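Number of protein chains: 2
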Amino acid sequence: MLEQRIRHTGLRSRIVSAEEAQQWVKDGMTIAVSGFTKSGDAKAVLQALAKRVEQTGDKLRINLYSGASLGETDTILCEQQIIARRLPYQSEPRLRKSINLGEVQYTDQHLSHTAELLRSGCLGDIDLAIIEATAITETGGIIPTSSVGNSPIFVERAKRVIVEINLNTPIEFEGLHDIYLPKDRPNRLPIPITKVSDRIGTPDIPCNPDKIIGIVLSRHTDTPSNIVPADRDTQRMAEYILDFFEHEVRHGRLPHNLAPLQSGVGSVSNAVLSGLCNAPFENLEIYTEVMQDAVFELFQSGKVAFASASSFTLSKSMTEHVNASLSKYREKIILRPQEISNHPEVVRRLGVIAINTALEVDIYGNVNSTHVSGTHMMNGIGGSGDFARNAALTIFVTKSIAKDGRISSIVPFVTHVDHSEHDVDIVVTEQGIADLRGLAPRERATVMIEKLAHPFYKDELLYYFNRALTYGGHTPHILEEALSWHKRFADTGDMRQF
Amino acid sequence: MLEQRIRHTGLRSRIVSAEEAQQWVKDGMTIAVSGFTKSGDAKAVLQALAKRVEQTGDKLRINLYSGASLGETDTILCEQQIIARRLPYQSEPRLRKSINLGEVQYTDQHLSHTAELLRSGCLGDIDLAIIEATAITETGGIIPTSSVGNSPIFVERAKRVIVEINLNTPIEFEGLHDIYLPKDRPNRLPIPITKVSDRIGTPDIPCNPDKIIGIVLSRHTDTPSNIVPADRDTQRMAEYILDFFEHEVRHGRLPHNLAPLQSGVGSVSNAVLSGLCNAPFENLEIYTEVMQDAVFELFQSGKVAFASASSFTLSKSMTEHVNASLSKYREKIILRPQEISNHPEVVRRLGVIAINTALEVDIYGNVNSTHVSGTHMMNGIGGSGDFARNAALTIFVTKSIAKDGRISSIVPFVTHVDHSEHDVDIVVTEQGIADLRGLAPRERATVMIEKLAHPFYKDELLYYFNRALTYGGHTPHILEEALSWHKRFADTGDMRQF
Ligand SMILES: CC(C)(COP(=O)(O)OP(=O)(O)OC[C@H]1O[C@@H](n2cnc3c(N)ncnc32)[C@H](O)[C@@H]1OP(=O)(O)O)[C@@H](O)C(=O)NCCC(=O)NCCS
Ligand SMILES: CC(C)(COP(=O)(O)OP(=O)(O)OC[C@H]1O[C@@H](n2cnc3c(N)ncnc32)[C@H](O)[C@@H]1OP(=O)(O)O)[C@@H](O)C(=O)NCCC(=O)NCCS
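These protein sequence lines map, in sequence, to chains G and E. With this note's numbering as the guide, the letters of the first sequence map in order to residues 1 to 498. With this note's numbering as the guide, the letters of the second sequence map in order to residues 1 to 498.
Everything labelled a hint here was simulated from the structure, so no lab data went into it. Certain hints may be false.
The list treats identical chains as one, so a pair stands whether inside a single copy or across any two.
Lysine-lysine pairs mimicking BS3-like chemistry, simulated, CA-CA at most 30 Å apart [to be verified]:
no.	residue 1	residue 2
1	K183	K332
2	K303	K183
3	K328	K316
4	K195	K328
5	K59	K211
6	K183	K195
7	K303	K26
8	K328	K183
9	K458	K487
10	K183	K51
Keep in mind the model is a prediction, meaning the values are calculated, not measured.
For reference, chain G alone in the conformation it holds in the complex:
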């Protein structure tokens, strides 16, 4: 058993307990961990660290870098006030709270950028990388588990590495991953992906065995994703998008198998992909960062030819199905480093269709994906910008209202811009779909309000826009009212004027 999991004979002697390993983490260190949308995150050592801090009352603060969000480890570390600085993404309520209190310095980054910023030297040194693995190869190579994330660049850059061999992960994970790191400049070459299914790297993360200071055996399971089932609204949004795809195919603007699809986490994205199970498209391809349950439903219905991502984010039951069928899926799936799954070069070359969720959109098509009321961080930009900016077709979805109608997600002026008007093609709410391609701002506003706004807010949006027109300008606004809806919500708990 262990021979299979640790094939490099010299490394078998480095097995330590999580409790021993956590002692290598010192105050002020930068720790880089595997993990992407709660999958494949290194759990054992950091949770043991949190326990130590809780028990001893030690004061210890670290910079924590990851692929994307970790599971409960983010929460546990945050409760012990261990995280001083965090990047590039998170989605845990407890951590979010600390970020918004200014207790944790959070650098919200495009997920394809972190590797580059590490290379450039401006994120400092990585003292220790902790990587969850299925196995270690004969040469010390690390086989990841359910995500690749930033692990390859972390292993390359870290001074020392701890590997957490997760004995609960099926050994069949080996061969699923495709590890490729662009060379340092000026020797960088084109990334040779021209098809979603192209394998361009190695199945393992190359690692000098001397760097591996300890191996921890663990049996922690990933925090399962709890996908909210589609409701009437998300269902309707999915239908608008599928109708739109059919329309584009009819007009020769999309081929019959569409284009490689990216879809962000969340229930709408999942509903759109589920909807494709019964839509008249075949041989679909997925080029995304996270595979949710729906991707495997599409495989089961024979609709998808190939899927590439950086991680799985699956429900408990789908995890069981996938883990039991890995050898079958290995021919049809690749997990890549997030630098590659999200790389502008590849996204643009393949002509991806990107579907991501907005918190709010303004009447001119500017999108806020991150900041509630412009100030409070929700999760982070994640990969939405990597895809939205470079996709051939960029779609944003959002329900037209939030909090039972007390908030309109279509507003005069967004309180934060993550995706500018230049990057947004299509916006969808449960009210309708707005095609903004080629339109000037005044034209966009008319379509946005007409198609997307909730009846609670439509008249008031029109009233704003029409008065703004009297002030003139390419993008008319009434500056003193632009943010008044958000202010009203802060004061009264409702954006509506009664």
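Starting from the known structure of chain G, arrange chain E with the ligands on it as the hints suggest.
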């Protein structure tokens, strides 16, 4: 003479006057023209059209697509109200006015995106392309003049083509250009540029001769660029940037020849490049969209090894120098389609250093490059987003104040976002330089205010930030005050509170 300019014998019979050619332009057509930052724009036919409209009172409105800004042709057409829709960039006061009045529908686009949007079919058909040329080859290929811009995609997509052979352009332009169009998907391949100097295409724009319905001989000259000479402030900004480069080289974060430089139009960019003439860097490379005078000063001082762009924007005297020395410069210069000069794939691969100008920047690093007071279009985003988003190092410059201090260019909240906080590394004013890399928003605000704000506004910015902190959040703001500085300027003509 004409044999050299029109080498395809069959085409010589298609020579017509500009007055004849303008009759092919009909009401409602989409006309696509060569031209990028006032260089190499097709001038003769459209100016003849304007004259006809002026003389006859004909009502005629067209959609006008170009590479980037045209010279006086934009003004002349606008005066006759011929332009119904314009994209992707402009910079003429008369046209700007019509756009801000809502008379011209202007779609402000990333300059690398227009070709893709044409391929996708969402910008409609091109009825007629009008391309300024140095010559036509034996096979009908079109040799551009001082810019390439979008001409290759226009020629490929247009139903019909008019060529304006400009007899004033030196025949030595031939061989300077490198024309490459990515293939349609799914057959698209990596763009094989790995060095600034790589030639990957043909010297001419391939064109089916049957499409060329007319050839006009012209002698119009490009509208010369009038670069504002460096003043004390721009000089100081250039010095901060050059010191920063030296600092990065000392710390091993940049090599001795830096990295391929992109620099936007404008006096600061020009001053930075000029400053490099006396800086301790050698073998510099330029990968940009526009070459201003300073690039040639750098060539003259032996500092630059190679320069790639999509156009020249030169003063009258520098134009004379360059035109007389083209055969010498041809070994060291390439002019490319703007899709390639600005392509995210190449910009990221080469690790470009991007320097562009902001109108205003907020305390968290969000940049407005386009909208005065959030409503009135200045020029457009141009290529700034193509570069800023994908560069290895993204720098924005702006004077800390405008209009004699009545406007602060560092504000609590920008009125429009073209480049989000995720994409901005360094901001420079004449007051100092702020390095935002790796910082969280609250940290950024402190540095921005401290280093960049003008003394007129520093205390008030600090006062805003400190009170915003009491409201909390990842990115603290006071919503009801966020835009109040702009409102105050609108009401009183001054952002300062007296
Ligand atoms: C934008 C994002 C937060 C939406 O999440 P979601 O779960 O799909 O959407 P929901 O509609 O359930 O909204 C989530 C919460 O935001 C609230 N919300 C939605 N719109 C809001 C608005 N305009 N103002 C304030 N709150 C709003 C909802 O009420 C809900 O609150 P709750 O958690 O208290 O119930 C999420 O998609 C995200 O983090 N995106 C950025 C990262 C990304 O796009 N990655 C893509 C690649 S994976
Ligand atoms: C932003 C941009 C307009 C700055 O232009 P510039 O000529 O370098 O800068 P200036 O400081 O001279 O400012 C231009 C005008 O804007 C005004 N201005 C500057 N900051 C301002 C502000 N914050 N609010 C209002 N007006 C402002 C100046 O007063 C000046 O006005 P004037 O023409 O009436 O004198 C210009 O760089 C641009 O259009 N950028 C977007 C496109 C781009 O970056 N392309 C890059 C690739 S080429």
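So, going through the hints one by one against the coordinates:
1. In this homomeric assembly, K183 and K332 come within 30 Å of each other (Cα to Cα) both inside a single copy, at 27 Å, and across copies, at 26 Å.
2. For the identical chains of this complex, K303 and K183 are inter-copy neighbours only, at 27 Å across copies versus 36 Å inside a copy, given an alpha-carbon limit of 30 Å.
3. With identical chains, the CA atoms of K328 and K316 are at most 30 Å apart within one copy only, with a shortest distance of 19 Å there and 68 Å across copies.
4. Taking the shortest Cα distances, K195 and K328 sit within 30 Å of each other inside one copy (20 Å), while across copies they are farther apart (42 Å).
5. Within a single copy, K59 and K211 get their C-alpha atoms as close as 27 Å, which meets the 30 Å cut-off; across copies the closest is 75 Å, which misses it.
6. Within a single copy, K183 and K195 get their C-alpha atoms as close as 21 Å, and across copies as close as 14 Å, so both meet the 30 Å cut-off.
7. Taking the shortest Cα distances, K303 and K26 never come within 30 Å of each other, neither inside one copy (50 Å) nor across copies (47 Å).
8. With identical chains, the CA atoms of K328 and K183 are never at most 30 Å apart, being 32 Å at best within one copy and 34 Å at best between copies.
9. Proximity of K458 and K487 under a CA criterion of 30 Å is satisfied in both settings, with 19 Å inside one chain copy and 26 Å between copies.
10. With identical chains, the CA atoms of K183 and K51 are never at most 30 Å apart, being 39 Å at best within one copy and 56 Å at best between copies.
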